[in-house]
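Please put together the full structure from these sequences, using the hints given.
2 protein chains.
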Amino acid sequence: MTADDGPYGLIANAAIAFDGQYIAWVGGNDAVPPQYQNWEVENLPGGLITPALVDCHTHIVYGGNRAVEWEMRLQGASYASIARAGGGILSTVAATRVASEEALINSASVRLDDLIAQGLGAIEIKSGYGLDTQNECKMLRVAKELGRRRDIEVKTSFLGAHALPQEYASKSDAYIDLVVEEMLPTIAEQGLADFCDGFCESIAFSSAQMRKVLQKAKSLGLGLRLHAEQLSNQNGAQMAAELGALSCDHLEYVDADGVKAMAKAGTKAVLLPGAFYFLRETQKPPIALLREHGVGLALASDCNPGSSPLTSLLLTMNMGCTLFGLTPEEALAGLTREAAGALGMQSQWGSIEAGKIANLALWDVDHPAQLAYALGANPHISQLKNGQWVTTS
Amino acid sequence: MTADDGPYGLIANAAIAFDGQYIAWVGGNDAVPPQYQNWEVENLPGGLITPALVDCHTHIVYGGNRAVEWEMRLQGASYASIARAGGGILSTVAATRVASEEALINSASVRLDDLIAQGLGAIEIKSGYGLDTQNECKMLRVAKELGRRRDIEVKTSFLGAHALPQEYASKSDAYIDLVVEEMLPTIAEQGLADFCDGFCESIAFSSAQMRKVLQKAKSLGLGLRLHAEQLSNQNGAQMAAELGALSCDHLEYVDADGVKAMAKAGTKAVLLPGAFYFLRETQKPPIALLREHGVGLALASDCNPGSSPLTSLLLTMNMGCTLFGLTPEEALAGLTREAAGALGMQSQWGSIEAGKIANLALWDVDHPAQLAYALGANPHISQLKNGQWVTTS
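Taken in sequence, the protein lines are chains G and X.
So for the first sequence, the working numbering puts the first residue at 1; every next one is plus one.
So for the second sequence, the working numbering puts the first residue at 1001; every next one is plus one.
Treat the hints loosely; a few may be bogus.
[As the list claims (entries may be wrong)] Straight-line alpha carbon distances no greater than 20 angstroms define the calculated SDA-like cross-link-like pairs of lysine to any residue that follow: (1) X:1216 / X:1242; (2) G:284 / X:1282; (3) G:218 / G:171; (4) G:284 / G:327; (5) X:1356 / X:1382; (6) G:284 / X:1084; (7) X:1385 / X:1346; (8) X:1260 / X:1281; (9) X:1218 / X:1194; (10) G:284 / G:294; (11) G:216 / G:178; (12) X:1284 / G:76; (13) G:264 / G:171; (14) G:356 / G:75; (15) G:284 / X:1292; (16) X:1284 / G:74; (17) G:216 / G:232; (18) X:1260 / X:1233; (19) G:284 / X:1385; (20) G:264 / G:283; (21) X:1284 / G:75; (22) X:1356 / X:1390; (23) G:284 / X:1073; (24) G:385 / G:364; (25) X:1284 / G:181; (26) X:1284 / G:212; (27) G:284 / X:1346; (28) X:1218 / X:1202; (29) G:264 / G:287; (30) G:385 / G:212; (31) X:1218 / X:1282; (32) G:171 / G:206; (33) X:1284 / G:323; (34) X:1260 / X:1292; (35) X:1356 / X:1323; (36) G:216 / G:180; (37) G:212 / G:244; (38) X:1216 / X:1232; (39) G:284 / X:1280.
Just so you know, the hints here were simulated from the structure itself, not pulled from any lab data.
In structure tokens:
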């Protein structure tokens, strides 16, 4: 993933010049410009260097565990009986509300470390299991603290409009008012979120409700993104793209109008094959249509306890290829260049180019296709962080 | 997985007494019999103890790599053009034939270490990429050497009837004669294989051809197993069961007659969801029918370069649940008790019971369903090997 033409922008026998925490130059080892030739040299073992990976859609901060609920489903329990037994997203909300910030940091750190062990350098983390002002703020503070403790780049998304909390049951417009009038101003004032997100779906919030939320967020200076067209077509992608969203995510049911609006606005498609797999979905996002219109295809783990308990970025790549038919090159771009674009970080992240941040991953593979191909292997050797090599796996 | 009733045979606050490398007693910590009460005590941190996992169907010994061929497929190349470019199983045969034993040991060790890092204690390893006497023997020697180097239990299966080598193109009966008259006697004489396996399929060998091979193997004292009904129904399962096979493997297309024959013979069903996933198959094995007839359901990685490059046993469990609808308890039994049965090792392996070998895995989970639930996490802490704790991950 350099600016080079050819598959993967791959450069054989490459050299990279670092100036502090930035890349100064990249190219063939036999073409190093004179001004870098007397710089200190470090020879790496053979292998592949990629940009550090970027996971642009996660819910890694949450309380509790949904393994037993998943087991009940596999034993044949209905959704209704699981809900009666206290399962579903509201069980995660209840567990997240009672958890301390330290407890949330500790449980999320385990998941984050899995991701870092496979080359992660930057991550987006959403709120959305607090569903009241205090607990949404708590989740976002935890997300920021994770970045400090692990010295990685964290971008936060406020996802108050994720689900309807029990205390607002059948008062969904009133809850949206709370999101718009209380949560968003508080979070913006405290500088807790880079982005505003929402779940636009028949089982969550309508396109009209999400428009209110995103418009308010935009007026407060937040970037926009949206869970759109996962289970049905709600025209959320078109609405969000028209408001200038950086990404629309899931998109199994997006139609041509949505894709065209995304292409026009430069909105990235964030594909989440982990949720598609875990929920046993059968309708795939319209990859050919998205390609045809030149919509950038990002990939992400969607790590969350209910629909994608996935903390492997290499498995995310494999699922993107196996389940959605991406090429391995698209899958790697989806976790580097396109993911950086989905987070508005493309000027610093997502490719190995002069001027970008020197956060790279070193892999023990002969060919980049091996990253997406293997299921369960981890060829990650070490990560270059702000110009310094650290072993993370 | 003790002899206890109830889900998973789970015992809370358990104690296990070891006598050398064997389990002497297992039960509640408050019910330790007097004769063990003055034995040396080791308190473990909280967590779950399971039997060491058993992977009962693998092809982890091979030369070369098929990632680029997989990439070509995802880029739209046809099977014919891939074959012309030297791809397919015969590319693995060519790379395996030219590889030294040491090279094969080194490449397989990476895969084996991935499996061991998730609690593997015993593994079946097949030949089948040599397809001549010399190279089939080489693969089996490599498999046995892997067991010595990693101090794990290895069972070997001779899989000469895996594919038709190029030098026998359109002479499939002549190749079967070579397998029966030269390969099998040599391998039996040298004690290189515990079992004989074969690929009974329209693109490989017929049920009549496989019957010849399995009958000969049986006469030489080898145990029997068969790749059966993966892509079509060839009545291989019924044939193999009637010969007393320990397992029939894949089984997507097995019918009621095959299932009944397996039930009658006590033949295990070895389910391979990794290949189902990687090949994007849509016909699932008839789980309900297999359950109804009481056929034991084992699970395995099927680790191989062409159709299942899978080296994660926890992902194998998740795929068994997500793709085939197994319960997490069936998935764990599939990699312990049932897998041990499929390898004829049930007297020593596969459950935590007095008299069995003291090879156990310790996991940092609150509930056994978490093992199959998570995608990409590895909660394995350490393994007890012949009565001694060793850290493997």
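**Asked** Does the structure break any of the earlier hints, and which numbers would those be?
**Response** The structure conflicts with hints 3, 6, 8, 13, 14, 15, 17, 19, 20, 25, 26, 27, 28, 30, 31, 35 and 38, although it agrees with all the remaining ones.
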